[in-house]
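Fit chain A to the known structure of chain V by using the hints.
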Amino acid sequence: MNPFPLLLSTAMAGPLERVDVLAASPEGWLWDEAPLAAARPSTAAVRLVEQVSLGWALPIDGLSVGTSWRTQELRYARDLGESRVGWVVGMQTRLLMPHGLRGGLRIRLGDAHLEAGTVLDAGSTWMRPVVGPVRVSPALGLGIWVGERDSRGAER
Amino acid sequence: MTACGPGAATVVAEKGGWARFPANSEAAVAASLFLDEAAIEVDVFLTNDRMPVLVDGPRLDRATCRTLDGERIPEDVWLIQHDLADLDAGYRCGVAADPAWPDARVGAAPVHTLDALTAQLAEDPPDAVLLDLRWTPNVSHAPEVFAAEVLERWWRDQPSTRLRVVADRAAMIEAVESRARSAGVEVVTLLRWPTEPPRGSASGARLATTLASDAGAADPWAAMAAAGADGLLVHGDLLRRADVARRPAGAELGLQGADTAHPAADWLEQGDWVLDATGGVD
Chain V
1 MNPFPLLLST AMAGPLERVD VLAASPEGWL WDEAPLAAAR PSTAAVRLVE QVSLGWALPI
61 DGLSVGTSWR TQELRYARDL GESRVGWVVG MQTRLLMPHG LRGGLRIRLG DAHLEAGTVL
121 DAGSTWMRPV VGPVRVSPAL GLGIWVGERD SRGAER
Chain A
1 MTACGPGAAT VVAEKGGWAR FPANSEAAVA ASLFLDEAAI EVDVFLTNDR MPVLVDGPRL
61 DRATCRTLDG ERIPEDVWLI QHDLADLDAG YRCGVAADPA WPDARVGAAP VHTLDALTAQ
121 LAEDPPDAVL LDLRWTPNVS HAPEVFAAEV LERWWRDQPS TRLRVVADRA AMIEAVESRA
181 RSAGVEVVTL LRWPTEPPRG SASGARLATT LASDAGAADP WAAMAAAGAD GLLVHGDLLR
241 RADVARRPAG AELGLQGADT AHPAADWLEQ GDWVLDATGG VD
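These protein sequence lines are chains V and A, in that order.
Residue 39 in the numbering used here sits at position 39 of the first sequence, with consecutive numbering throughout.
Residue 122 in the numbering used here sits at position 122 of the second sequence, with consecutive numbering throughout.
Extracted from the complex, chain V is given alone in its bound form (with noise of 0.2 Å):
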């Protein structure tokens, strides 16, 4: 996978559209880190913070770009029909180095935003140029649509 796309994408984005609090991303907080809350609460909120995705609005109808600590993400969204359901697709890279494929499908519910879907994970950094062993895992995202658009360029 090519990180120019996602480089020229971040340089065209536009203004804060959604803050995602907890973001659709590989090693989810919710399924890897909130489960050792109690054992290491200061790395667990750490990673929380880390996860915090703000996303960006493109020019191009249904592309945004997610920026957080943790993952640069391009991802390309529609609703299905004139439904607040939608699908989203994303490609994730740390550094800017790809290393997660995304699908799911979303839900607006008046500012809140929801997703659910699943996240290939190879791992890959720029350490460790490597792909694998991929690791599938499921993607849950609670965002808040900061934006006076969506990622449609619709009115909300």
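Hints listed in this document are in silico derivations from the structure and should not be mistaken for laboratory results.
Backbone N, C-alpha and C define an ideal beta-carbon position, used for all residues, glycine too.
Treat the hints with care, as some may be off.
Claimed, not checked - Taking beta-carbon pairs under 8 Å as the criterion, some of the chain V residues facing chain A (in silico):
| # | residue |
| --- | --- |
| 1 | 40 |
| 2 | 82 |
| 3 | 94 |
| 4 | 125 |
| 5 | 135 |
Stated by the list, open to error - Distance windows between CB atoms, simulated:
| # | chain 1 | residue 1 | chain 2 | residue 2 | range |
| --- | --- | --- | --- | --- | --- |
| 6 | V | 30 | A | 68 | 53 to 59 Å |
| 7 | V | 118 | A | 36 | 42 to 48 Å |
| 8 | V | 80 | A | 8 | 19 to 25 Å |
| 9 | A | 226 | V | 147 | 41 to 47 Å |
| 10 | V | 96 | A | 242 | 14 to 20 Å |
| 11 | A | 75 | V | 131 | 21 to 27 Å |
| 12 | A | 226 | V | 76 | 36 to 42 Å |
| 13 | V | 109 | A | 225 | 45 to 51 Å |
| 14 | V | 136 | A | 156 | 46 to 52 Å |
| 15 | A | 139 | V | 37 | 33 to 39 Å |
| 16 | A | 102 | V | 76 | 53 to 59 Å |
Here is chain A on its own, set in the frame of chain V:
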């Protein structure tokens, strides 16, 4: 023996079992042997006259060691500047409670040595021993000297006990592997990751490592490969489930700074290690 803990990893009495007696002390090791602990971990450093002593860094611990008069040690006692005889003649350790384990029993004793440890283990050795070589740049003998003094003594006195050598610097790992190769002996080395101060505030170092590894700028397995080690000893605050999933084939994994009740211990497999200050036996 209590060979297995959660996740089938072997439970190791950390620093001899420093929740019960002073860290790396003869009493701690004796208690662990009495309780039939499966494995024991101790820290090793070299004195000026190249004697391996069980101390977890380049200095005597001022919190728990005292002069023979019972006075606090006025300034740092660097092991590289003192022969073993000087330490025996001037200091006792385990005198005061360790802030990490204030309920552990105290008892003044000379600094424990590797020679005394191997004699202690001779009668009923545990299944395995982890020697944590605390080599520190600029205040230690050269890594090659460190490796030679420790390994030659071990091979002479404990040839049959399963050995794991732990170090947190690539130079020390390389020296151990090189010595083992030249002696025709197989040694399994574990890289302690990340490198931390031996005592005191290590939380800052762990936070920095957490931020770096989560962002993809640091990787424990890459560090292990770069050091030429055969496995990793990772702090329980840092280990991620994804790290366990991406373990290279054949690599051993140990968990430190945790205990058998730590949820991450469940991620480990047979052949892995969980360092527990109680050795898993309360």
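Q: If any of the earlier hints don't hold here, list their numbers in rising order.
A: 2, 8, 11
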